[in-house]
Amino acid sequence: MGVEHLTVMTRDGRVDPVGERVRRDVRLALQFDPGPIVTAKVYSFSPALSDAAADYLERIALFDPTEREVAAGCGGAPSTATAFVAVDRRPGVTDDEAQTLRTVLVDAFGEAFASCRTASRDVYWFETSHPEGVLERIARDVVGNPLVHFLTFGCRDEYRAPAITEPSRSRPTIATVPLPRGAVALARLSEERLLALDLAEMQAIADHFVRPATRARRAAAGLASDPTDGELECIAQTWSEHCQHKEFNARISFRDAASGRDAEIDSLFRTYIVAATRAVESQLRAWGQDWLVKVFDDNAGVVRIDAERVFAWKVETHNSPSAVDPYGGAITGILGNNRDPLGTGRGGGRLLFNTDVLCFGWPDDDRPLLPGQLHPRRVFAGVRSGIEDGGNKSGIPTVNGAILFDERFAGKPLVFCGTGSIAPAAVAGAPWWDKRVDDGDRILMVGGRVGKDGIHGATFSSLALGAEAPRSAVQIGSPYTQKLVADFLEDVCARGLVKCATDNGAGGLSSSVGELARLSGGAEIELARVPLKYAGVEPWEILVSESQERMTLGVEEAAVAEVLALAAQYDVEATEIGRFTSDGALRARYEGRPVVDLDLEFLHHGTPRKRLEAEWEPPDLVEPDVPEDLDYGDVLSRMLGSYALCSREPVVRQYDHEIKGRTVVKPLMGRSGEGPQDAAVLRLDWATYRGVAVANGICPRFGDIDPYAMSAAAFDEAVRQIVAVGGRLPRAGAPEPAFWSANDNFCLPNVVFDAVENPDGKRKLGKLVRMCQALYDVAVAYGVPLTSGKDSMKNDFRAAGTTISVPPTVLYSIAAGIPDVRRCVTTDFKAPGDAVYLVGRTEDELGGSEFYRFLGELGRNVPRLRPEAARQRYDRLGEAIAMGLIASCHDISDGGLAVALAECAFGGPLGFDVDLSRVSPADRPHVALFSETTSRFVVSVPRGMESAFEAALGPDAIALGHVSSGGRVRVTMGRRVLVDVETAWLSEAWRRGFEAVL
Amino acid sequence: MSVVRALVLAGFGINSEEETAAAYRLAGAETHVVHLARILRGDVRVEIFDVIHIPGGFSFGDDLGAGRALANRFRTRRLPGGETLLDGLRRVAADGGMVVGICNGFQVLVQVGLLPNVGGRCEPEASLLSNASGRFEDRWVRLRANPRAPIRLWEQSDPFEAPVRHGQGRLAFRDDGVRKGIVERGLDLFSYCDAEGEATLSYPANPNGSELAVAGLCDPSGRVVGMMPHPEDHLSAFVHPDWPRRLRERGSLDAAGDGVDVFRSLVRRVAAQKELTWLKGEEEEAWNGRFSAR
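For the record, the sequence lines run as chains X and R.
Note that the numbering used here has the first sequence beginning at 55, numbered continuously upward.
Note that the numbering used here has the second sequence beginning at -12, numbered continuously upward.
No lab work stands behind these hints, which were simulated from the structure alone.
Every value quoted in this text rests on a predicted model; they were computed, and no experiment measured them.
Some clues are possibly wrong.
[Unchecked claim] Facing chain R, according to a computed beta carbon distance under 7 Å, are these residues of chain X, among others: (1) V72; (2) K447; (3) D488; (4) Y534; (5) M723; (6) R920.
For each residue, glycine too, the CB sits at the ideal point set by N, CA and C.
Given only the sequences and the hints, what does the whole structure look like? Please build it.
Here it is as structure tokens:
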């Protein structure tokens, strides 16, 4: 007999807060109240537990003396329940809880329980009876996702016990894939196998395999002349857009109708991004500054903090996975991004912070959903929750981010995850950032096991998304597993036992080993040695699976035993799976049989380069007529309550933003504890007050008018947020030169022209060219190097004949060193009587602004960055902050001066009394209030320091008025009163913006 | 004179060991961060320490309930000597040392019955359940210390401030007997309080809906202490959410935050209640060798 199931549930009659939260989630998502919900957990065991083991779990291990009760069996519905929804994990989907339960049994009863199979189920019991259709919606749209969960629902007496699926017993096979002749057949092969390769690329593969040299070599290796499934998959992953950045490396013919100057661009990446960094680098050299260490060719960019330490950081997107499974997509996005610093140089960087920038469709979008499309509110809620678990459970503070909305993000959301880290400058006498691999070094796989989850992630994200998402591409992360890996890596790498490290992300082992193999000139691995989650994973799947929480290490043969022993101490699984060679081949075997034998040169350089066409013609736009008689107090309140501008507190509070105890400038500050801040600032250690500031800049709406202006404004936004807290741009003769390090992340719809499929492809690529041109101009003008980045080029959702494409978007994420965090400045007004200034000239630039969006307009006058003037202003402002002249400083961005002023007041909470006569012509109050001209700040200055401040800033300082004690927001323009309302009334609207969403 | 030795536990998803170790060092204790696996293997014996601290984090991902799997490991895994780690912790306290748990560590101490332990039988008398809001929250709270508690960790009359960062911090007690025991013996070491300094059940000053507004507990001996808020996250005045205004108002800020005083009191208390001894000869060597690797 024995016990097959245990149920843990809130005792009858007690309130279940989790059930209450789910009830609220249902209400928000489906617009009806499902009535009281009681949650239960059911754990299943195979083979059944002995009575002693069950008794231990029931009476000790899972026992709760207050509200929760544990009982054998899986029934135990609350007395009032009438209906249920049950959520089981599909086979192969991470089930951490079940695994931990097994650990608990092993701890108590020994290793015999290590082979016990366990599973967990979530049950939601409803007091109110609901028709099946309603339960199904709750199951699919709120508490589960059919891609990763097995969902059952019904009335109380239909409830059935969960069953544990038996593992597959199929024998692994290695198949040969005949390469057909002819374009149509090749294209079909790419489509059928989800290779995401175009015809030219398929043709290049076919050509390679018919070459006599290839054939001879394959015959010698005992392989058929056609590729194996493993080889084809390996090539597809390596050549994927995700891994190869094909558009950024393409040759582009650019026709610029605006300037009339056409150009041939030989790789956007080299022409703009690399060139900008090189230009900055030579400027830095000329100034005698050597903090720029390693750019572009590793998992994260590296800059120097001081003689002993370096800072490495990386920002990436996880859009496609987040579109189909928001929670899983976001959490694997965070954890995957964490592995970049862990896998930079010799590995083991100490993770310092996360940032997240999110772009969603409107949460109240009421258009019917397309097949396969998830509602934006659902995507928002799921992504938020994935970020919570990804950061909080890893012990990494989530310190900065942004949330944007636009109906064009309703198909694919954009989910940008960033991670900063600190590493020692040298390990075992060699620079930390140098990866070395020699012939004979061993290849170790460390961390999670491999399963069928995450197959085809790299190729999947290189395709447009449609009604059918491949189930295999979706996976759930395990922050716990990765935390063990991170702790282990920090230790083993600091001991100098690891020569190089990289993560297993897109493309799995095929990419991680394939990449490192370039350093020695070859590698061979035995796939049968790779630890599997369950039997039945095919050799090719082992090779390309993107199962999470895994790293690949290069270790000298003599050090392998020590590394393995240390891993065991940390409860981390580590396995030697092969060795590096130098004969120019990437080889994989399964039980000695060849699976892959590919020429590295072909694998990494055989991709035919794309040739693309781009064109730019400014859109024909006009400025709208703005009504004269607006009640600006009312307008401001409604804008502040909008999704775009409202308080992010309900989201931010659920992210742990201060674990490690060193977050000096947090997302929310001030006496009220709710004043939104610009850049985040973290102190690096307890010994000094040195810190790092981090900020993000993104403004896709400007791109609807001019992508150049958009890209420039986004770069400026990130820089000026850092300037606002006290950061100083690189400059000659700085007493303590501080590093700057920028990540660029481009997200575009398909830019490859096709007369039928993508008729406006050239225009979209033209926008990308404009964005890159701005990147170069601004990065060089500011002296800020690009150190790493990523592009995501297929952000289209197609279903039922409709395509939803994201607007071309670029995110700049910038980090900068702060010599003394105690000098940092926050946004909240500090004391009544302080003088309030606008810093920087305001232009009539409302194109793409929040105010025009409020009016339902786009406009034409997009904010144009004036980098030389901005640079000078930033230097002066930096001097004033260093001199202690500034009580508060807030950058002006979305919503313009009026919104920035209001946010400064909310942190107090205080009021202010300002006159805008000097800001812009008196008959245009809306320009003064809401223009989004770049490079401006709201600053408050303690009484008595006004003249020193004005002397420091020169004509850039425009006195507006003062901070007031009365808790009233008063804005005038000469005799006209524009706004005169209570601060609390405004902040109420602002605070409640997400009330109907989260 | 000898010095207080503190062991800060790490590993298996604990993630606040770095700042916790900094707190003990600032308080003057000789501090070592030790991975739990090394203790279970017998590399390090807990008895050679005066303070055993279980930091915050998500041990075992908080699967099965916050701190639960770690608590079970404390109860069931045998050390080489045959006893459990829980036995070891009880002996440390019995010998005059302290056992401290914050956040996840507090959850562990409550689950194994070391807190509040009104009945003295080390059995579960309370739970830390999902916050009343059903959500994880990170926010700063004000805490009042009970002057009648068996141990005083905060001597000032003003409340001390620290952040909470948890999803399961709602303290609930088994029955009225436990509640009565806590109140009568002053085991409610810290309470959440409002702007006026009064203990409160109202959100958000009481961020999770804890019964009796209790934020931290000690056992009747005062040698086992636990709390949900994180004094180790307020080691520097420059991490308080309102530090820039305070700096402006006061002209200068003490470098140390409230949290440092809490750890100083704790270390002082241990020094006073336990006869600290020098390690001798071989023992000393073993001590030094044991930690040189990390």
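Checked hints:
Checking V72/X against chain R by beta carbon gives a least distance of about 5 Å; that is within 7 Å, so the hint holds. Interface restraint check for K447/X: the shortest CB-CB distance to chain R comes to about 4 Å, inside 7 Å, so the restraint holds. Given the 7 Å rule on beta carbons, the hint for D488/X is violated: about 25 Å separates it from the nearest Cβ of chain R. Annotation: Y534/X was flagged as interfacial toward chain R, and the flag holds, the nearest CB pair being 4 Å apart, inside 7 Å.
Checking M723/X against chain R by beta carbon gives a least distance of about 5 Å; that is within 7 Å, so the hint holds. The beta carbon of R920/X is not positioned within 7 Å of any beta carbon in chain R (closest approach about 30 Å), and the interface hint is therefore violated.
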